[in-house]
Amino acid sequence: TAFAQSNVTVFGVVDLAVTRGSGSISNQTGLTSGQLAASRLAFKGTEDLGNGLKAGFWLEAGINADTGTGQSTNTNNQTTGFVKNGGFTFNRRSHLSLGGNWGEIRLGRDFVPQYWNIAHYDPLDLSGVGTSQVLNSSIGGPTLVRASNSISYLYGHGFNAAAIGYGPGGFSGSGFQFQAMGYLGENPSGSATSKDGNGYGLRALYSTGNFTVSGATGRTRYAAGDTRQSNVGASYNLGVVELMGMYEWDRNGPLKARGWLAGGRVPVGVGSIRVAYSRYDSDAAGSPTAKKWAVGYVHPLSKRTALYTTFAHVSNDGPSASALNGAVTAPGKSSNGFDLGIKHSF
Amino acid sequence: TAFAQSNVTVFGVVDLAVTRGSGSISNQTGLTSGQLAASRLAFKGTEDLGNGLKAGFWLEAGINADTGTGQSTNTNNQTTGFVKNGGFTFNRRSHLSLGGNWGEIRLGRDFVPQYWNIAHYDPLDLSGVGTSQVLNSSIGGPTLVRASNSISYLYGHGFNAAAIGYGPGGFSGSGFQFQAMGYLGENPSGSATSKDGNGYGLRALYSTGNFTVSGATGRTRYAAGDTRQSNVGASYNLGVVELMGMYEWDRNGPLKARGWLAGGRVPVGVGSIRVAYSRYDSDAAGSPTAKKWAVGYVHPLSKRTALYTTFAHVSNDGPSASALNGAVTAPGKSSNGFDLGIKHSF
Amino acid sequence: TAFAQSNVTVFGVVDLAVTRGSGSISNQTGLTSGQLAASRLAFKGTEDLGNGLKAGFWLEAGINADTGTGQSTNTNNQTTGFVKNGGFTFNRRSHLSLGGNWGEIRLGRDFVPQYWNIAHYDPLDLSGVGTSQVLNSSIGGPTLVRASNSISYLYGHGFNAAAIGYGPGGFSGSGFQFQAMGYLGENPSGSATSKDGNGYGLRALYSTGNFTVSGATGRTRYAAGDTRQSNVGASYNLGVVELMGMYEWDRNGPLKARGWLAGGRVPVGVGSIRVAYSRYDSDAAGSPTAKKWAVGYVHPLSKRTALYTTFAHVSNDGPSASALNGAVTAPGKSSNGFDLGIKHSF
Chain B
1 TAFAQSNVTV FGVVDLAVTR GSGSISNQTG LTSGQLAASR LAFKGTEDLG NGLKAGFWLE
61 AGINADTGTG QSTNTNNQTT GFVKNGGFTF NRRSHLSLGG NWGEIRLGRD FVPQYWNIAH
121 YDPLDLSGVG TSQVLNSSIG GPTLVRASNS ISYLYGHGFN AAAIGYGPGG FSGSGFQFQA
181 MGYLGENPSG SATSKDGNGY GLRALYSTGN FTVSGATGRT RYAAGDTRQS NVGASYNLGV
241 VELMGMYEWD RNGPLKARGW LAGGRVPVGV GSIRVAYSRY DSDAAGSPTA KKWAVGYVHP
301 LSKRTALYTT FAHVSNDGPS ASALNGAVTA PGKSSNGFDL GIKHSF
Chain Y
1 TAFAQSNVTV FGVVDLAVTR GSGSISNQTG LTSGQLAASR LAFKGTEDLG NGLKAGFWLE
61 AGINADTGTG QSTNTNNQTT GFVKNGGFTF NRRSHLSLGG NWGEIRLGRD FVPQYWNIAH
121 YDPLDLSGVG TSQVLNSSIG GPTLVRASNS ISYLYGHGFN AAAIGYGPGG FSGSGFQFQA
181 MGYLGENPSG SATSKDGNGY GLRALYSTGN FTVSGATGRT RYAAGDTRQS NVGASYNLGV
241 VELMGMYEWD RNGPLKARGW LAGGRVPVGV GSIRVAYSRY DSDAAGSPTA KKWAVGYVHP
301 LSKRTALYTT FAHVSNDGPS ASALNGAVTA PGKSSNGFDL GIKHSF
Chain C
1 TAFAQSNVTV FGVVDLAVTR GSGSISNQTG LTSGQLAASR LAFKGTEDLG NGLKAGFWLE
61 AGINADTGTG QSTNTNNQTT GFVKNGGFTF NRRSHLSLGG NWGEIRLGRD FVPQYWNIAH
121 YDPLDLSGVG TSQVLNSSIG GPTLVRASNS ISYLYGHGFN AAAIGYGPGG FSGSGFQFQA
181 MGYLGENPSG SATSKDGNGY GLRALYSTGN FTVSGATGRT RYAAGDTRQS NVGASYNLGV
241 VELMGMYEWD RNGPLKARGW LAGGRVPVGV GSIRVAYSRY DSDAAGSPTA KKWAVGYVHP
301 LSKRTALYTT FAHVSNDGPS ASALNGAVTA PGKSSNGFDL GIKHSF
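Chains as they are written, first to last, in the working numbering: chain B, 1 to 346; chain Y, 1 to 346; chain C, 1 to 346.
Extracted from the complex, chain B is given alone in its bound form (with noise of 0.2 Å):
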């Protein structure tokens, strides 16, 4: 039995919660994974340079620990390159960088900066039953939350790290923060869709540890129409509650639609009340509306292992049909969802 000796960490999330969803239609009982937290299995390493240069490596593989599948992840940011045929991919991150006291180059696959006002503005960790409607509605397309053949610089956050931004859901501390990213649909030159996938995204974050604000915009290229985000987001920690908020717009194609979420944290003896309500509408024919009431509670039993329990409640308006955990909703019914899970980190 000899130690290993290693360049990598190996690292993940393994959560799982019994989860009910009920609907107009038909309502879903099941064990479902990733309900706080996506579970996952990743490989990370950091190496010294020398002259304040660092390398890095980052790849995470989303798992759905229910069954032991792997996770989809799309090569060319186009609807022809989703890849989900259930097998392991490094579908979360799979990426390398080179950095220093100037910030980081990072090229691969990685997080949209946008994606980040959307899931560090949300108490409930944009996760589970109680994902913020913002996500959920989305209008945008393959680059909503990540995005393929991707370059990025960032600048004032940890090197190689996992989250980007101070404030909720990511670092402490305060000072300024800022992220670009373009990336490649990678077709032939030279037809009407050369450019499709092709896009960028922008984010930046000021902080003053307790009051953080930020914003971004994205664009991605299509010959059909191209998808835009933008977004905005704000928190203030008050100690006995951390307020947050988000406000979003977005385009894809002729179709335009308005998100926002507000909510906050509560401290509770070890564990955290969290509450929050969400809304998304577009322009698309009906006017296609929903909204989301969600609260929950987790329980940390370690820094790494949580009890969480989640009940959220989404009424629609118009075409909009969305149900939570698996349950089916007719357009303009509502939806009742609960999770009562664990969360384990390693």
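Wrong hints could be hidden among the right ones.
For identical chains, the list gives no copy identity; a pair is met inside one copy or between any two copies.
[What the hints assert, rightly or not] In silico SDA-like cross-links for lysine to any residue, where the CA-CA straight-line distance does not exceed 25 Å: (1) Lys303 x Thr46; (2) Lys256 x Phe171; (3) Lys195 x Val18; (4) Lys84 x Thr208; (5) Lys303 x Ala161; (6) Lys195 x Ile105; (7) Lys44 x Asn7.
None of these hints come from the bench; they were simulated from the model. Since the model is a prediction, treat every value here as computed from it, not as a measurement.
Guided by the hints, dock chains Y and C onto chain B, whose structure is given.
For chains Y and C alone, coordinates are given in the frame of chain B:
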């Protein structure tokens, strides 16, 4: 060259054998993975939460080490849920546990309880050409070996442990053990097949150390007809030989089947000779029946590495056409097979 | 935070480059994985069994780090056996070894012996835009690079080691080395294609340290016509330049082809300039011929991390339409390509 800090143990098996099968229609020679123990790569860890409470996770992927492919899992305990595209999946185990002196609660994908009575009382470890005919001919469905979306309660064994039960193939020691599992097919409510893939399994075991006896039963619901599986097994270690056997009753809708195995292991120097006779017959048209003799020898080179060889002969009655190691044989004809391999655990 | 006890080394490469290809029909710009060394994640270990005997395993998965996908493997050394669904597989290596002073027996999936004469005598490491045309235009079939279901005997190199052979791309040192591999297509007996995918490869090498020479030959059986591959290579390290070259004869059924490469590496400070000319032509209708010039520079930032850039130009005669980095070019036209990237080993 730093040492890795980790909450993870990376472990597994690579097992490869030269195999030969012959049948009345065709023969096959190959290099085959997992003929003594399934080739696999796995990640596990346990966290002490204090107050006698522990958390643990286990992610285990089957590997076909002869070709580098992964293995199929099943997402919904139904025939529609097989994922078999050759990619790596955590098909063997994917679970999260919370436990204490009162036992263990385990969520995710795991072996069904009744599987252990087929596996642990097979002197040939339910692997390779000698695998018990009770498994090979079984009329059981997608939950014959494992279930996804499961919740189990386990009592009286090691926390977050591989094997369930004392006796051959399991732990050393004496005592009482119990396992109960429930699992979900996760279908929408309100249709005839809403409960398909829902099921349960129970197993109880008592061991004095040398003498072990256990019984199990399980059932999975399908609108087309439930599958049911019940079995009992026992082993007695006389020193010069460890005798073992099991009996099984199965149902799949209107079909009934029975099987049994009797065999033993004889220590020879550092090695072990293994012998088993198993048979399985159902009341399907023509009363298909398969009977197998298997004899093998395992020669350990260390605790982690062993050489092995197995010879088996299966004979068929009625429409049964069971054949070994890729051979094809006509109904009612027999088949021979041979393994010569190396198993290495890491 | 405990240190992991392990018999496993987790290692790999993440290599990403900005790439550009231009051709007479279309151009392409992209972020591409593995242009200096294939991106990969791997697990290996060696056990000392005493008495000079060792056991070892090696599981290595190719990664497309630009998108997070895995790579395809082949299960039966035939065109029917490709597994390419984007999931992670141990496509690069999946083998188990037993060895001593007498050599090494290796079972599983591995590179074919004749591959090493193409790889090791290519100054550009058979990677990226500069890859030898002997590989890129090859008429070889599914076993051109690797074979599944194989058994090898290796003499004269490190146990359970990556590279086979002294000289460029391999080990330092002098001596004689030998490798023989046999592999199986695992088809049922009794049909015309029963032996499809069966084959062998042989390679012998002698090195004085500065001067290395080797030859190899291999053959895979197919009812539609066997593939055969033979090659010789040599390198001479003069200090100011390491010269290298190889010559190849291929057959695929009735088709014959020949190729060769000549080139070298020139140390420049801590870096290395690499230059190669390679060509390949077959006797297919129209005598397709491809000729490539490649020049590159590798600048190490550490033993593990390097910056690199490569420029290549390929010209085609007859129906050959070889193009670089995703460009498309018409038969008889040329193509240019460019890589600028970072390679990081862990």
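For each hint, the structure was consulted:
no.: 1; hint: Lys303 x Thr46; verdict: both (23 Å within a copy, 14 Å between copies)
no.: 2; hint: Lys256 x Phe171; verdict: neither (33 Å within a copy, 61 Å between copies)
no.: 3; hint: Lys195 x Val18; verdict: between (43 Å within a copy, 16 Å between copies)
no.: 4; hint: Lys84 x Thr208; verdict: neither (42 Å within a copy, 49 Å between copies)
no.: 5; hint: Lys303 x Ala161; verdict: both (18 Å within a copy, 23 Å between copies)
no.: 6; hint: Lys195 x Ile105; verdict: within (23 Å within a copy, 51 Å between copies)
no.: 7; hint: Lys44 x Asn7; verdict: both (8 Å within a copy, 14 Å between copies)
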